[in-house]
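One line per chain: the protein sequences are A and B, in this order.
Numbering follows full-length UniProt numbering, in which position 96 of the first sequence is assigned residue number 96; successive positions increment by one, without gaps.
Numbering follows full-length UniProt numbering, in which position 375 of the second sequence is assigned residue number 375; successive positions increment by one, without gaps.
To be clear, the hints were calculated from the coordinates, so they are not data collected in a lab.
Source: prediction; values computed, not measured.
We put the CB at the ideal spot given by N, CA and C, even for glycine.
One thing to keep in mind: the hints can contain errors.
In silico lysine to aspartate or glutamate, DMTMM-like type, Cα no more than 25 Å apart, as pairs [claimed, not checked]:
{"no.": "1", "chain 1": "B", "residue 1": "K376", "chain 2": "B", "residue 2": "E342"}
{"no.": "2", "chain 1": "B", "residue 1": "K137", "chain 2": "A", "residue 2": "E47"}
{"no.": "3", "chain 1": "B", "residue 1": "K137", "chain 2": "A", "residue 2": "E73"}
{"no.": "4", "chain 1": "B", "residue 1": "K80", "chain 2": "A", "residue 2": "E54"}
{"no.": "5", "chain 1": "B", "residue 1": "K354", "chain 2": "B", "residue 2": "E343"}
{"no.": "6", "chain 1": "A", "residue 1": "K76", "chain 2": "B", "residue 2": "D394"}
{"no.": "7", "chain 1": "B", "residue 1": "K80", "chain 2": "B", "residue 2": "D234"}
{"no.": "8", "chain 1": "B", "residue 1": "K127", "chain 2": "B", "residue 2": "D291"}
{"no.": "9", "chain 1": "B", "residue 1": "K418", "chain 2": "B", "residue 2": "D394"}
{"no.": "10", "chain 1": "B", "residue 1": "K418", "chain 2": "B", "residue 2": "D370"}
{"no.": "11", "chain 1": "B", "residue 1": "K73", "chain 2": "A", "residue 2": "D63"}
{"no.": "12", "chain 1": "B", "residue 1": "K80", "chain 2": "A", "residue 2": "D50"}
{"no.": "13", "chain 1": "B", "residue 1": "K122", "chain 2": "B", "residue 2": "D394"}
{"no.": "14", "chain 1": "B", "residue 1": "K80", "chain 2": "A", "residue 2": "E23"}
{"no.": "15", "chain 1": "B", "residue 1": "K74", "chain 2": "A", "residue 2": "E6"}
{"no.": "16", "chain 1": "B", "residue 1": "K362", "chain 2": "B", "residue 2": "E415"}
{"no.": "17", "chain 1": "B", "residue 1": "K293", "chain 2": "A", "residue 2": "D55"}
{"no.": "18", "chain 1": "B", "residue 1": "K137", "chain 2": "A", "residue 2": "E54"}
{"no.": "19", "chain 1": "B", "residue 1": "K73", "chain 2": "A", "residue 2": "E73"}
Away from chain A, derived, C-beta distances all over 12 Å, residues of chain B [to be verified]:
{"no.": "20", "residue": "F23"}
{"no.": "21", "residue": "V162"}
{"no.": "22", "residue": "D166"}
{"no.": "23", "residue": "C169"}
{"no.": "24", "residue": "G215"}
{"no.": "25", "residue": "T346"}
{"no.": "26", "residue": "A408"}
{"no.": "27", "residue": "E415"}
{"no.": "28", "residue": "D438"}
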Amino acid sequence: PEVTVEVLAHLERLALVDFRDEEGVERLQKAIQFADQLQEVNTDGVEPMDSVLEDRCLYLREDDVTEGNCTKELLKNAREKVEEYFVAPPGNIPLPKLDEQETSLQGS
Amino acid sequence: LASWVPVVGLEIHAQISSNSKLFSGSQVQFAAPPNSLVSFFDASLPGTLPVLNRRCVEAAVMTGLALNCSINKKSLFDRKHYFYADLPAGYQITQQRVPIAVNGSLSYSLCIDNKMSQMVTKTVRIKQIQLEQDSGKSLHDDTRSQTLVDLNRAGVGLMEVVMEPDLCCGEEAAAAIRELQLILQTLGSSQAVMAEGQLRVDANVSVHHPGDPYGVRTEVKNINSIRFLAKAVDYEIQRQIEELENGGTILNETRAFDSRLGCTVPMRDKEGKQDYRFIPEPNLPPLILYDAKSLPANMNHQQVVNIDWIRERLPDLPSVKRAKLVEQYEILPEHSFTLLNEEGLTEFFENVVKQTQMKPRKVIGWILNDLLSYLKQHSLTVKESPVSSFLLADLLNLLEKKEISAAAAKQVLAELWKGEGKTPLEIVKEKKLELIQDQKELEQICQLVIDGHENEVIMMALR
Numbered sequence: 001p002e003v004t005v006e007v008l009a010h011l012e013r014l015a016l017v018d019f020r021d022e023e024g025v026e027r028l029q030k031a032i033q034f035a036d037q038l039q040e041v042n043t044d045g046v047e048p049m050d051s052v053l054e055d056r057c058l059y060l061r062e063d064d065v066t067e068g069n070c071t072k073e074l075l076k077n078a079r080e081k082v083e084e085y086f087v088a089p090p091g092n093i094p095l096p097k098l099d100e101q102e103t104s105l106q107g108s
Numbered sequence: 001l002a003s004w005v006p007v008v009g010l011e012i013h014a015q016i017s018s019n020s021k022l023f024s025g026s027q028v029q030f031a032a033p034p035n036s037l038v039s040f041f042d043a044s045l046p047g048t049l050p051v052l053n054r055r056c057v058e059a060a061v062m063t064g065l066a067l068n069c070s071i072n073k074k075s076l077f078d079r080k081h082y083f084y085a086d087l088p089a090g091y092q093i094t095q096q097r098v099p100i101a102v103n104g105s106l107s108y109s110l111c112i113d114n115k116m117s118q119m120v121t122k123t124v125r126i127k128q129i130q131l132e133q134d135s136g137k138s139l140h141d142d143t144r145s146q147t148l149v150d151l152n153r154a155g156v157g158l159m160e161v162v163m164e165p166d167l168c169c170g171e172e173a174a175a176a177i178r179e180l181q182l183i184l185q186t187l188g189s190s191q192a193v194m195a196e197g198q199l200r201v202d203a204n205v206s207v208h209h210p211g212d213p214y215g216v217r218t219e220v221k222n223i224n225s226i227r228f229l230a231k232a233v234d235y236e237i238q239r240q241i242e243e244l245e246n247g248g249t250i251l252n253e254t255r256a257f258d259s260r261l262g263c264t265v266p267m268r269d270k271e272g273k274q275d276y277r278f279i280p281e282p283n284l285p286p287l288i289l290y291d292a293k294s295l296p297a298n299m300n301h302q303q304v305v306n307i308d309w310i311r312e313r314l315p316d317l318p319s320v321k322r323a324k325l326v327e328q329y330e331i332l333p334e335h336s337f338t339l340l341n342e343e344g345l346t347e348f349f350e351n352v353v354k355q356t357q358m359k360p361r362k363v364i365g366w367i368l369n370d371l372l373s374y375l376k377q378h379s380l381t382v383k384e385s386p387v388s389s390f391l392l393a394d395l396l397n398l399l400e401k402k403e404i405s406a407a408a409a410k411q412v413l414a415e416l417w418k419g420e421g422k423t424p425l426e427i428v429k430e431k432k433l434e435l436i437q438d439q440k441e442l443e444q445i446c447q448l449v450i451d452g453h454e455n456e457v458i459m460m461a462l463r
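Looking at chain A on its own, in the form it has when it is part of the complex (with noise of 0.2 Å):
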């Protein structure tokens, strides 16, 4: 399969992952190969099926409140907290433009 620069700087951002090397390239590459094998299948007028769920009934609960009030136990997850909120860092960091990134195959 063709992994090219736009496809991997695509991905980077999507999933805040980097692909610094060709190791990287590699093991995806790799990893899409395994997943085509179901490619294999014939699926002609078959639905696709979202999960093994489907069948089952979707249970409706009671719209009681049964649950919160856990402050101090959530918060004790929180690296940095400021009076019972939780820190995280500014807004959205914009990530530099696409052409300004290094890609790994321009790196190697």
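Fit chain B to the given chain A structure using the hints.
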């Protein structure tokens, strides 16, 4: 100068009025201590699963029926992926492929030329209604270069109502949203108070020349009231027209409405086109709804949402209420609009009518001209009125029995506003505003006037 056709499409997010959230049992409440209404699922802790709240499904079905939609007996849930601090899971559960309701319509009325007496009915098509999760709230602290996150709102049920781009200006947008707001409040499916974020509207705006294909559209967000919605839409239409007439181009971007400056500005956070990587929500089977015909025989009724059952129990929608008011009380259509537009006013009006012999179509004048304008001047709601329906009815009875004149009644009303606890009759006696019915007394007064103005009488006699 070539003419421009503006095209406006609205996307509405209405918070569902329910006790608990869409997929978890934490409470839905405005203004609570940060992160106190958050369950482990809302915080996206590993090992938690979504469990659908039946009340939210019913709210969406009610709304779909009220907007003349087809209800999909089988609808599906999907994941919409994007990164943001107030979306802890990294995705929102929504209904992208097959939403719960499709192909509806909303009728609303507009005044022509700002004259309430000339109203025209218009329709906007509803593309679909889908159930989805709300995100948490981010408080941006630019000075310390950080964002504070409160997840109380994360997971609250939303109904996203997508309209077709059938609107053409701010006035139409405002009127359509006002009607939608009234419908939601009548159904009780959402309290739809914009100031509390229970009703959020985004406007998609573009312009083109007649006969040409649609122009590039921009999305306008951060609109916090119906008044601002009209302003934002009209500003954006103007901005696009000016830009294009000056030879510029319109960018497919998201803009925020700045209510202080009355204009739209590009939003810094949005980055071109987003790829949301939609996938089916693997933890939720399809949502199946039933009607009288398809109802399975031996199913636990708590697990069943019956569309026909819900349809039978829909309350009178605003348009029906207005028609009934016009018929029952012989008032004008535009009166019925004003009655419904003001919270509690219809009830007040009907209470006065019940307690007075004056005809409703005369009472309405006192309600809309005197009572309402006073309330507006003092920024009071009907509930806060110092004059109760009982007092007003009392006053109108005096007028109806011809014990006072209309002018005197207005004077008494002015006194009643002070809320000093006096009855209309007491005020009339105090200020000696009674109409004199006695013939002899009237003759005496007239004679006195004539006697006191000899010159004028002679002038009149000479003519």
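Hints, one by one, checked against the model:
A threshold of 25 Å between alpha carbons decides the hint, and for B:K376 with B:E342 the separation of about 10 Å falls inside it, so the pair holds. Between B:K137 and A:E47 the alpha-carbon distance is near 39 Å, which puts this suggested pair outside the 25 Å criterion. The suggested pairing of B:K137 with A:E73 holds, with an alpha-carbon distance near 19 Å, which does not exceed 25 Å. Distance hint between B:K80 and A:E54 is fulfilled; the C-alpha atoms sit about 20 Å from each other, no more than 25 Å.
Restraint check: the Cα-Cα separation between B:K354 and B:E343 comes to about 19 Å, which is no more than 25 Å; the hinted pair holds. Proposed proximity of A:K76 and B:D394 is contradicted: the alpha carbons are some 64 Å apart, above 25 Å. At most 25 Å may separate the alpha-carbon atoms for a hinted pair to count; B:K80 and B:D234 exceed this at roughly 31 Å. Pair hint B:K127 plus B:D291 holds up; C-alpha atoms about 22 Å apart against a cutoff of 25 Å.
Restraint check for B:K418 and B:D394: the C-alpha separation of about 16 Å stays at or below 25 Å, so the hint holds. The straight-line distance between the Cα atoms of B:K418 and B:D370 is roughly 14 Å, inside the 25 Å bound, and the hint therefore holds. A hinted pair counts as satisfied when its Cα atoms are at most 25 Å apart, and B:K73 with A:D63 qualifies at roughly 21 Å. Our distance criterion of 25 Å between C-alpha atoms is met by B:K80 and A:D50, whose separation comes to about 15 Å.
Between the alpha carbons of B:K122 and B:D394 the distance comes to roughly 40 Å, so the proposed pair goes past 25 Å and is violated. Using a Cα cut-off of 25 Å, the hinted pair B:K80 and A:E23 is violated, with the two alpha carbons roughly 30 Å apart. Taking the CA atoms of B:K74 and A:E6, the gap is about 38 Å. The hint is violated against a cut of 25 Å. As the CA atoms of B:K362 and B:E415 are separated by approximately 21 Å, the hinted pair is consistent with the 25 Å bound.
A C-alpha spacing of about 20 Å is found between B:K293 and A:D55, which places the hinted pair at or below 25 Å, so the restraint holds. Only pairs whose Cα atoms come within 25 Å are accepted, and B:K137 paired with A:E54 is rejected, the gap being roughly 34 Å. Restraint check for B:K73 and A:E73: the C-alpha separation of about 40 Å exceeds 25 Å, so the hint is violated. With a minimum CB-CB distance of about 9 Å to chain A, B:F23 fails to clear the 12 Å threshold, and the non-interface call is violated.
Non-interface status of B:V162 relative to chain A is upheld: no Cβ of that chain comes within 12 Å, the nearest being about 23 Å off. Once the 12 Å rule is applied to beta carbons, B:D166 is consistent with being away from chain A; the minimum gap is 33 Å. The Cβ of B:C169 sits about 33 Å from the closest Cβ of chain A, beyond the 12 Å cut-off, so the non-interface label holds. At roughly 26 Å from the closest C-beta of chain A, the C-beta of B:G215 stays outside 12 Å, upholding its exclusion from the interface.
Look at B:T346: its CB is around 29 Å from the nearest CB on chain A, clear of 12 Å, so calling it non-interface holds up. For B:A408, the shortest C-beta to C-beta distance to chain A comes to about 55 Å, beyond the 12 Å cut-off, and the non-interface label holds. Every CB of chain A is more than 12 Å from the CB of B:E415 (nearest about 49 Å), matching its label as outside the interface. The beta carbon of B:D438 is kept farther than 12 Å from every beta carbon of chain A, the shortest such distance being approximately 68 Å.
Violated hints, in rising order: 2, 6, 7, 13, 14, 15, 18, 19, 20; the structure is consistent with all others.
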